[in-house]
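Residue numbers (the numbering used here), protein chains in the order written: chain A, 377 to 1043; chain B, 42 to 143; chain C, 37 to 192.
These are calculated hints, taken from the structure and not from any lab test.
Fair warning: there could be bad hints in the mix.
[To be verified] If you want the footprint, here are the derived chain B segments under chain C, 3+ residues with CB under 8 Å:
#: 1; segment: 49 to 61
#: 2; segment: 69 to 77
#: 3; segment: 136 to 142
[As the list claims (entries may be wrong)] Some but not every residue of chain A turned toward chain B, in silico, with C-beta under 10 Å:
#: 4; residue: Leu399
#: 5; residue: Lys570
#: 6; residue: Ser1020
#: 7; residue: Gly1021
#: 8; residue: Leu1023
#: 9; residue: Gly1033
#: 10; residue: Ala1036
#: 11; residue: Tyr1038
#: 12; residue: Ile1039
#: 13; residue: Gly1040
[Claimed, not checked] Only part of the chain C face toward chain B is listed, based on derived beta-carbon distances under 8 Å:
#: 14; residue: Asn61
#: 15; residue: Val63
#: 16; residue: Ala65
#: 17; residue: Thr154
#: 18; residue: Ala172
#: 19; residue: Val174
#: 20; residue: Ala187
Beta carbons are placed, not taken as given, at the ideal position from N, Cα and C, and that holds for glycine.
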Amino acid sequence: MSYVELSYWIPLLPALGFAVLILFGRSLPGRTAGWLATLLMAVSAVLALGLLYDVLLAAPSWDLAAIFGGHHEQALIAPGSPDFPFRLEWNWLSIRGEAGIPLVIYIDALAAVVTAMVALASLFIHLFSIGYMWGEERYHTFFAYLQLFSAAMLAFVLAGNFFHSLLAWEVMGLMSYLLIGFLYKKKTAQQAQKKAFITTKLADLGFMLGLFWLYQLVGNFDLADLASEHTLALIPAGTAAIIGLLVFVAAMGKSAQFPLHVWLLDAMEGPTPVSAMIHAATMVSAGVYLTARFYPLLIHGDVLWVVALVGATTALFAAVLAPAFADVKKILAWSTVSQLGYMFLGLGVFGWAAAMFHLVAHAFFKALLFLGSGSMIHGAGTQDIFEMDQLKKYMPWTYWTFLVGALALMGIPPFAGFWSKDLILHAAEEHATILWLMGLTAAFFTAFYTTRLIVIAFHKPSMPSPWKAAEWTQGAPWLNLSKDEVEPDPSPPAGHHPHESGAEMVAALVGLATLSVLVGLWGSPLGGYGLLKFVYWGEMPEIIPAGKLLAGYVTGTVIALAGIGLAWYWYAADPLKQRAPLWLTRALQRRLYIDEFYYRVVAAAAQAPTYVLAVFDRYVVDGLVDLAGYTALVASTFMRYLASGRLAVYAFYMLIGALALYIGGVR
Amino acid sequence: MVTLGHFLLLAGVLMAIGLYGVLTRRNLIAVLMSVEILLNAAALAFVSVAAYRDPHLFAGQIFALFIIVVAAAELSIGFAILLNVYRTHGVVESDAISEMRG
Amino acid sequence: MTLTAFYVLAAFIIIFAILAVTSANMVRAAFSLAITFFLVAGLYLMLGSPALAAIQFMVNASAIPIMTLFIIMMTQSRSTPPPRTWEMVLGLVAAAGALVFFRQAVVHGDGQITPAGTAVLGEGLLRAALLPFEIASVLLLLAMVGAIVLARRRAG
């Protein structure tokens, strides 16, 4: 029984966990719900790792030296197993013996790697949540939702049939809604969950339209089939472009790319493990994964430049906005948006493997950073970095693991982000200089805001937050909420000393830190480009030797160091000094008014037809109902005079009745 | 010579008179008396038809006998009810028992 | 000669019937009723059914008017007010309608009356109409019990 044959258990176990926890979770004592969920996830992760191992053995292996030397014919060392990529198929949804839509699990290298990534990240986040969510009233519900989400994401990654990917995609959207609004009593959480769901749902239209159009042209939903040459030949290039763009819109929504980025920041209303899981590591990666799976179609339609442009714009946009925020989760949220932009940029400039490498690495170090922030919030009692009191001193484990994640994010060697981000930048440089420059600028800002975060939160003592009382931060206009509807976040009481977090939380942090380092090394030259060779879609990988990339590596590192240097210079000395003009800070904190534009203009325009319908409902429909009632009233008012109470009249009626009966009967 | 028609016409006239009485009289006893007239008119019709047309069986007369029996039973019960009406309302007028009007 | 007898009887029947339904004096109405039924018994004799005439006389012409008089006395309704105009109109309309209606039912024919003896009546009752006969007796029992129960003075 190989891991491939067992692969359907990987999404199935957490799905069962969901069912058990939803039905019986309330009666489980203490933290049992959390441990049960974590255990199921652990088994799933073991299966995923086993699968990865099987796939590693079955994939073709290549000789690096031959590739570098240009001797491509001799590059293939071993052709790999003939069954690879693996495929499990069941007959599902078939009506009256027709073909129907088969349930397919498709396991190629990318699927194996991403499955392992999702399972491991999910495992550590489950572990972290055992301690973090303790004390919450709906503890078991949280784990149930987390399980179902993991099941959906795993099913999405393993799906070989795009119809099922769509279903899993929608389930993920639902779980995101439920988890963002987990603390549903807060008004901001309610608005945030609606915003996330509606934005992504609107974007999902693209996926559905594109997919069904594709089905009409090609006749099936199969992933492998839609990547093959002869199927693509059936689709004219123009149509492929439109379909590709439609699907990309859905990816933009799910992965919060500009201009559909608006929901991710407010998704931070959810508990921190949720932010780590869904809005850092996995769900938002789904958009990238989808785009990667539709790659052949996008190439056929020649629209990859759109992907690259959106990615670069988003990366820069988000990185520029991040330094204006004081909430650690919001800073990390902008960071996620920015890094996802990098991934799309990588995809758009034909740096497929680089983008996938960044995807996997980012999942681990961003989850690490978010969980670290969860630890910070838990220990310090606030989400505001200014109010955090020298956390390096009080929470050393959190500090060092966070630092590992931060270095990975900033792209400092030998940490993960360095290897992947610079590969993307190199691919961009070869393709379009403007994109390369945008990416580089974003890298500068990334280093800048990350260092700012670390300096103020970990190195500086607690101080009053500069913008908390400012007039433009009252209420939440980006959520369509006024001042009265939003309570300000509480500050920790004076003299409150932060404390390090519990054992489970620290264990999760350490685990993720280790993984992020290992993954980074696996894809680096030091690891023999293992990951990069591996994820190439069965074809010969195009790997550039480190020597040629040296200039790029150096540039990237220099830019990052410059960002670190400036942030250190400014914030280590005087963290509270207002460095940027006030109008700029205000505009950035209001997210450049984009959210408000969506609420005021777009939503209002969508609501306009409803007023017409309301008039119709009020006057026509209600009018008809009133008419029915009125008719009954009038009729009865007339009829009641027949019941006069007089005996003689009743006798007369009887006479008439008898007469009528007689006449009717005789005639 | 008296024919069946004479008797039937007489029965019809009696029935009309009885009807007039039922619809017109305000005292409930009088109403019951008018009902009695109606019943007797019917019995008369039966007997006359039996005499003229049914020489062998005389079924009409037997029927008329039953009409008499039933009329007697019905009147006694009716008067008992009217007694109760008198006890609750103080009079046996049809106007008094119009609580179910409207 | 029978024709004259018939017309005389018929005329008086109608007169007394009209008196019965229009008298304001209830006692007078009750007596008129008795006389009407008495005369109808005479008609039954003419129709050759002495048994039925006797029964008619005993029940309808005696017992029922007596019962009526009793109830008139017990309910203190010696006189009854005359009908209102609309009631009269209603009644006249119904009566006229009834007359028109029944006129159609009138058939003539030869004037042969076959007298019925008591024996025929008895045989008919105890042979063909046995079941209705028994049921009728039960009905009378029921009516008797029912009337007693209904007319009882309630305790307290």
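Quick rundown of the hints versus the structure:
no.	hint	result
1	49 to 61	holds (count 13)
2	69 to 77	holds (count 6)
3	136 to 142	violated (count 0)
4	Leu399	59 Å, violated
5	Lys570	55 Å, violated
6	Ser1020	6 Å, holds
7	Gly1021	3 Å, holds
8	Leu1023	4 Å, holds
9	Gly1033	14 Å, violated
10	Ala1036	16 Å, violated
11	Tyr1038	14 Å, violated
12	Ile1039	17 Å, violated
13	Gly1040	20 Å, violated
14	Asn61	11 Å, violated
15	Val63	11 Å, violated
16	Ala65	6 Å, holds
17	Thr154	11 Å, violated
18	Ala172	5 Å, holds
19	Val174	10 Å, violated
20	Ala187	4 Å, holds
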